[in-house]
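Taken in order, these protein sequences are the chains called R and Z. Per UniProt numbering, the very first residue in the first sequence carries number 1; after that it's consecutive. Per UniProt numbering, the very first residue in the second sequence carries number 1; after that it's consecutive.
No wet-lab data here; the hints were simulated from the structure. Hints should not be assumed to be uniformly reliable.
What the hints assert, rightly or not - Here are a few chain Z residues that face chain R, going by a calculated C-beta distance under 8 Å:
| no. | residue |
| --- | --- |
| 1 | Ile58 |
| 2 | Thr60 |
| 3 | Leu97 |
| 4 | Leu104 |
| 5 | Ser237 |
| 6 | Ile253 |
| 7 | Leu256 |
| 8 | Leu258 |
| 9 | Leu260 |
| 10 | Gln261 |
| 11 | Ala263 |
| 12 | Leu284 |
| 13 | Ser288 |
Said to hold, decoys possible - If you want the footprint, here are the derived chain Z segments under chain R, 3+ residues with CB under 8 Å:
| no. | stretch |
| --- | --- |
| 14 | 61-74 |
| 15 | 149-160 |
| 16 | 220-227 |
| 17 | 269-280 |
No residue lacks a Cβ here, since even glycine has one placed at the ideal position from N, Cα and C.
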Amino acid sequence: MIRLERRPTPSRFWSAAAPILAVALTLVVGALMFAALGKDPFEALRAIFWDPVFGEFAFYFRGQLLVKAGPLILIAVGLALGFRAGIWNIGAEGQYIVGALAGAAAGLAFYPSDSWLIFPLMVACGALGGFLWAMIPALLKVTLGVNEILVSLMLVYVAERSLLASAAVGWLRNPDTVGFPGSRNLSRWEASANPELIAGTGAHWGVAAALIAVIFAHVLLTRHLTGFHIRLTGAAPRAARFAGVVPGRLVIFCMGFSGALAGLAGLFEATGPAGQISIDFASGYGFTAIIVAFLGRLNPLGIVAAGLLMAVTYVGGDNAATNLGLPAAAISAFQGMLLFFLLAVDVLTNFRLRAGKGVTA
Amino acid sequence: MDLSSISPTLLIASLMVAATPILLAAIGEMVVEKSGVLNLGVEGMMIMGAVTGFIAAIETGSPWAGFLAAAAGGAVVALLFGFLTQVLLSNQVATGLALTLFGLGVSSLIGQGYVGIKANGLRRIDLGWLTDLPFVGRVIFGHDPMVYLSLLLVALVWGFLKYTRAGLILRAVGESHDAAHALGYHVRRVRLMAIAFGGACAGLGGAYLSLVRVPQWTDGMTAGAGWIALAIVVFASWRAGRVLVGAYLFGGITVLQLNLQTAGAKVSVELLSAAPYLVTILVLVLISFRAGRGGDAPADLARPFHASG
């Protein structure tokens, strides 16, 4: 009989090793899943993990990696701050949509001007849009104690079905086309375009913003009082209140910060890789970022690695879909599995496995 | 707008159909939460039930086999959650989210060969002259068996929690797992059983969507119904009767919204289709005004239990 014995302090070794073990387990079970689908598992894993980085066409895929990793990291860094303090913003997908809409609307209001001020204005409005959308659950939580998980999640559906749908077919629709839903092409309009900054890398302004956000969050968590309050609230909410933490202020800060970052991610996507606001603009980044945040151990630097890994599975999944006929859904199952295994092996961080019966308390 | 095109009889009858999937999922989740476990993976369990039920019904040709398979499918993924949270003591919020993401991915993977096929759903019961009665006949005696089964389930859960010893133990485990443990009850076993029951109910709810309500399989077809079920449990302050009220209220809004759209209401289609979600938020806000907020929740909700303390 194996039983669990609580460690006096979390194991540092397992805290770092758990994600690696989880990835390894996911690879094994994923290989079994691909075999069950009638695909050669080694071929599939190679198409997903090897080809995008080292394969023959890696020069093409590498550019895609940062395009996918940028928004994931940007959103996940914000979410991780809240998750650390036990504040669950699950609605990043909605904030991503609203940010993109607000930014695009602000820019298109000045169409066809070519002022250089337009792009910065759009960026500011994108962040503001995401921030305000996140303020709805945050303020309801602080003033009335309404569960932020449910409200932020419901607002994803509101943003997607109501705001995005009406924008794409109505108030943001390109007036120069007849019958096609979707806004003007933002990436082809000089003033709003968010181009590749260094040719061939795929790095656009969103990637730069992600980098800044990571550094900012890292400094905040390790060097700043707010970061300490976040960590303290997560570890011991009662002690945090004695230490002078105002829980409401923390909720506003964490929700607002993550909302603004998600809004930024949406705006950079709309002006860059996506190019326009269309009816299928919602891409699921807001949900995948939750996996990225956990896989990165809610640590900004870990999130960079996790975001890149997740980007590999996206790009490699596309590759496997076209070359091996692997269903696209297999990748989201794969990603969900990864989160499951991570949560499972995390037990080793806080507990020791002991054989035998031992004294029961 | 032509409001006279909306028939109250059909409205009530169809609201019962619209509410049934949420009702099934919510009553299951209520039992889970009563045992002190917060499973946020209702959406994932529902969609797994929807897909396994649909496939089983297509392969066997029997909708009942479909519902059985859906209950089993929901319970299996729920036990995955149970193993992680109860045995490996993982964070319940994160694990529930993982279950939802996992369920959405896996379901679209195993369901991809079944998109666009139509299942032969349940037939409405026919009680002869009773069903032919005006209004009452259609509203009370004219549904498919699952609608009655869901109502029966609510009554059974209510009776189980209120009058049986096992129900009392389940509530004790949810209110104070340490005290229940000290009395010699198996906290983990009780919770795992509750989790499996909740999963089976959510699976049935999902299958009701794919076999009766729609009846087809499409990716992500639950579209937030699982989350709404979670909200209804809070709305109902963990009481079976109020879960029924909440689910039917919600079904009513969904159906009314569809009816208003077809009747050509002056409100935009986009706003109407977001109405169920907006109303859920509104309901959450309204119940927060009640005195003693959170006081109805089981005291040990979402707290992990480890016998070493």
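Verification of the hints:
| no. | hint | verdict |
| --- | --- | --- |
| 1 | Ile58 | 18 Å, violated |
| 2 | Thr60 | 21 Å, violated |
| 3 | Leu97 | 6 Å, holds |
| 4 | Leu104 | 7 Å, holds |
| 5 | Ser237 | 13 Å, violated |
| 6 | Ile253 | 13 Å, violated |
| 7 | Leu256 | 17 Å, violated |
| 8 | Leu258 | 13 Å, violated |
| 9 | Leu260 | 15 Å, violated |
| 10 | Gln261 | 13 Å, violated |
| 11 | Ala263 | 19 Å, violated |
| 12 | Leu284 | 5 Å, holds |
| 13 | Ser288 | 4 Å, holds |
| 14 | 61-74 | violated (count 0) |
| 15 | 149-160 | violated (count 0) |
| 16 | 220-227 | holds (count 3) |
| 17 | 269-280 | holds (count 7) |
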